[in-house]
Each structure stands twice: as C-alpha cells, then as structure tokens.
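Peer 1: Each chain, written out:
2 protein chains.
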Amino acid sequence: MKFCSACGKPVNLRIPSGDDRDRHICDHCDTIHYQNPRIIAGCVPIYQGQVLLCKRAIEPRYGYWTLPAGFMENGETTVEGAIRECWEEAEAKMSQLELYTMVDIPHINQVYMFFLGELATPEFAAGAESLEVALFEEENIPWDEIAFPSVTTTLEHYFNDRKTGNYAVRTDTVHRKSTRAK
Amino acid sequence: MKFCSACGKPVNLRIPSGDDRDRHICDHCDTIHYQNPRIIAGCVPIYQGQVLLCKRAIEPRYGYWTLPAGFMENGETTVEGAIRECWEEAEAKMSQLELYTMVDIPHINQVYMFFLGELATPEFAAGAESLEVALFEEENIPWDEIAFPSVTTTLEHYFNDRKTGNYAVRTDTVHRKSTRAK
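These protein sequences, in sequence, are chains X and V. Under this note's numbering, think of the first position of the first sequence as 1, with each following residue one higher. Under this note's numbering, think of the first position of the second sequence as 1, with each following residue one higher.
Keep in mind that the hints were calculated from the coordinates and are not lab data. Please read these numbers as outputs of a predicted model, since none were measured by experiment. Just so you know, not all the hints are guaranteed correct.
Below, computed lysine-lysine pairings styled on DSSO-like, alpha-carbon distance capped at 27 Å [to be verified]:
| no. | chain 1 | residue 1 | chain 2 | residue 2 |
| --- | --- | --- | --- | --- |
| 1 | V | K177 | V | K55 |
| 2 | V | K93 | V | K55 |
| 3 | V | K9 | X | K9 |
| 4 | X | K2 | V | K9 |
| 5 | X | K2 | V | K2 |
| 6 | V | K2 | X | K9 |
| 7 | X | K93 | X | K55 |
| 8 | X | K55 | X | K177 |
Some chain X residues flagged as far from chain V (calculated, every beta-carbon gap over 12 Å) [to be verified]:
| no. | residue |
| --- | --- |
| 9 | P60 |
| 10 | E132 |
| 11 | E138 |
The C-beta atom is built at its ideal place from N, Cα and C for all residues, glycine as well.
From just these sequences and the hints, can you work out the full model?
Peer 2: Okay, structure coming up:
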C-alpha cells in the first residue's frame with residue numbers, strides 16, 4: 001500500500017498514537033488503513049465414504065489436488081462461502097454442512113475454515129478453476145499431489161475421525177517451514 | 001475506496017472479467033482490490049465458574065459489557081489474537097484456550113471467533129479500552145447491557161453447555177435485525 005484509498009495521497013508507515021504496530025496512515029485525510037487476515041472457506045464433500053477433490057486449473061499449485069475452497073466474500077457467512085466455492089470449483093451442491101477444521105496460516109495472513117458434509121448425489125463437474133473433479137477412496141488419495149498443507153491436515157483429520165465417528169471441530173496451525181505430509 | 005492503493009489513481013467499480021461481482025479496479029495499473037470479511041478474535045475467560053467481562057471505554061457501545069475481543073492482526077493465529085486482546089482489554093493472561101463459538105455477521109462483514117479457557121488466577125485490570133473489568137456469576141450477568149449480539153450468544157451457549165459439560169464448538173449467524181437477547 002503506497003497511496004490512500006480514500007483521498008489518493010501517499011501514505012506513511014508508522015505506529016499511530018495509542019497503537020503498538022505499524023499502520024499505513026494518510027496524513028492528508030487522517031485515515032488509518034488496517035490490514036487483516038483473510039478467511040478461506042471450503043468444503044469436505046463426502047459421497048459414500050469417498051472425498052471429492054478438485055485438480056487446480058489456476059496458480060498457485062496448478063495441477064495439484066485440493067478440497068473446494070476460496071476467499072470468503074463480504075456479505076456472506078462462512079458456510080455460504082464454502083457452499084459457493086464448492087459450486088464454483090466442483091459444480092457440486094452441498095447443504096447440511098458443519099464446521100470441521102480451522103487452520104491458521106499466520107505467515108500468509110490466512111485462516112482456512114473447512115465444513116464437512118455429504119453430497120446427496122454424485123453430481124459434480126470441473127468448474128472454471130478446476131481441470132478435473134473426482135471422488136477418492138482413502139487408499140487412492142494423491143497425498144504427494146495435494147495443493148496445500150491445510151488440505152492435507154483436513155483430510156488426515158477426516159480419515160482419523162472416521163474410525164471413531166467423532167468429527168469434533170479441529171484447529172491447527174501451518175507454519176512457514178511446515179513440510180507437506182507424506 | 002476511491003483511489004488505487006498501489007498507484008494513487010482513481011478506481012472504478014465493476015465486475016472483472018471471469019468474476020461475478022463488483023470490485024474496485026484500477027485501470028491505470030490493472031490492480032483489482034478485493035475486500036473481505038474480518039475476524040474478531042476473543043476469549044471467554046472463566047474463573048471458578050465466573051465469567052470475566054469488560055466495560056467498554058470506546059465506541060461503539062461505550063459503557064456496555066463485552067467479552068475481551070478485537071480485530072485479528074496479520075502475522076498472528078486466531079488464538080494468539082484472542083490471548084492478545086484479553087491482555088490488552090482485561091490485563092488477564094490466558095492459555096490453554098479452545099475454540100468455542102464462531103459467529104458470522106454478514107451484514108457488517110465480520111466473523112467472531114471466541115476461545116474458551118480458565119484464568120489461572122483472578123488477576124485482571126482495566127486495559128486502555130475498558131472502563132472496568134469484573135467477574136460475573138451467571139445470575140449477575142448484565143444481559144441488558146451486553147455490547148454485541150455475538151457476546152450474548154456466546155454467553156448463552158456457555159451457561160447452557162455448563163449444565164451438560166459438553167463445550168462443543170458452536171456456530172451462529174447474527175442477522176441485521178437480530179434483537180439482543182433478553
């Protein structure tokens with residue numbers, strides 16, 4: 001951020017009075033511009049014990065597999081964002097979703113929120129951001145080709161929890177030097 | 001947003017190619033400026049069955065009671081944000097926190113995340129944004145003077161869950177015309 005989005009004049013980076021960290025401040029119109037983490041809302045769509053994954057048609061991680069997920073938009077709830085992303089990326093209709101994992105990724109200012117739910121029917125197709133969409137049995141999950149650590153973590157939780165039937169909400173943090181699982 | 005924060009030229013509001021909603025677009029440097037919901041991270045600090053509340057010294061809702069909470073910052077995890085806010089507003093040190101409620105407030109583009117935990121000792125004091133900080137038994141909670149619906153909802157969940165000992169993560173949505181409880 002170099003310019004004030006309210007008045008167009010250059011901003012300065014310094015700690016405002018009463019604050020304790022650098023902010024972009026406009027000394028022309030006195031606006032303080034705060035920057036905060038963003039939420040990525042997604043789904044863990046299950047059909048008869050199989051998990052629906054999307055092969056990414058966009059960077060980053062083009063060609064790798066992911067759960068359907070994307071940036072939450074203003075004006076929607078987290079679960080509405082998850083449902084929207086599942087439709088956009090996998091053309092799959094989800095309902096009856098429950099919050100399942102929350103994954104903090106502080107070094108890139110992101111928080112993932114994945115919701116778990118059943119697909120009523122095995123109807124899906126590659127949306128604009130997907131090359132391919134498919135259902136995977138646990139033994140066929142392409143662990144070496146998963147796009148993001150937050151997805152790996154969420155899938156690991158799911159297959160572990162399936163053994164006990166206890167799908168309590170799981171919280172995790174992905175750190176900068178995290179190695180991708182498996 | 002009226003000006004591009006990257007180059008300072010005026011922005012235009014329209015739907016970018018391949019998108020489906022209005023964005024602030026800079027036609028000078030081709031930056032698309034996305035705006036996304038913000039996370040408010042907070043604590044439900046418990047000491048011997050009492051809940052720690054803060055009387056707000058700032059607007060909005062000056063003089064009303066709240067759980068310690070505030071905007072999550074870049075570079076921290078949600079639980080780190082909750083711990084920081086509890087220290088800033090109530091000078092209380094929390095650890096061993098567990099995610100407890102997530103409250104979507106889509107009309108103001110906010111998502112609250114409250115973490116439940118025990119205060120090790122009854123040490124607290126009013127921080128800069130609080131007039132007063134105090135522990136409340138359930139029968140003394142000032143229900144008519146709670147600052148925000150997300151706090152009311154979270155306190156109601158806590159007192160309900162306390163009867164069963166099941167503090168599963170709760171998700172809620174506060175809508176525009178929500179009336180404050182009680």
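Peer 1: Now, for every hint given, state plainly whether the structure supports it.
Peer 2: The hints, checked one at a time:
1. For the hint linking V/K177 to V/K55, the alpha-carbon distance of about 24 Å falls within 27 Å, and the restraint holds.
2. Taking the CA atoms of V/K93 and V/K55, the gap is about 18 Å. The hint holds against a cut of 27 Å.
3. Restraint check for V/K9 and X/K9: satisfied, since their Cα atoms lie roughly 9 Å apart, inside the 27 Å limit.
4. With a C-alpha separation of about 11 Å, the suggested pairing of X/K2 with V/K9 holds against the 27 Å cut-off.
5. A distance of roughly 14 Å separates the Cα atoms of X/K2 and V/K2; the hinted pair therefore holds under the 27 Å criterion.
6. A threshold of 27 Å between alpha carbons decides the hint, and for V/K2 with X/K9 the separation of about 11 Å falls inside it, so the pair holds.
7. Under the criterion of a C-alpha separation no larger than 27 Å, the hint pairing X/K93 with X/K55 is consistent with the structure, at around 18 Å.
8. Restraint check: the Cα-Cα separation between X/K55 and X/K177 comes to about 24 Å, which is no more than 27 Å; the hinted pair holds.
9. Here X/P60 stays apart from chain V, with its beta-carbon at least about 16 Å from theirs, past the 12 Å limit.
10. Every CB of chain V is more than 12 Å from the CB of X/E132 (nearest about 19 Å), matching its label as outside the interface.
11. Under the 12 Å C-beta cut-off, the non-interface status given to X/E138 relative to chain V holds; the minimum distance is some 25 Å.
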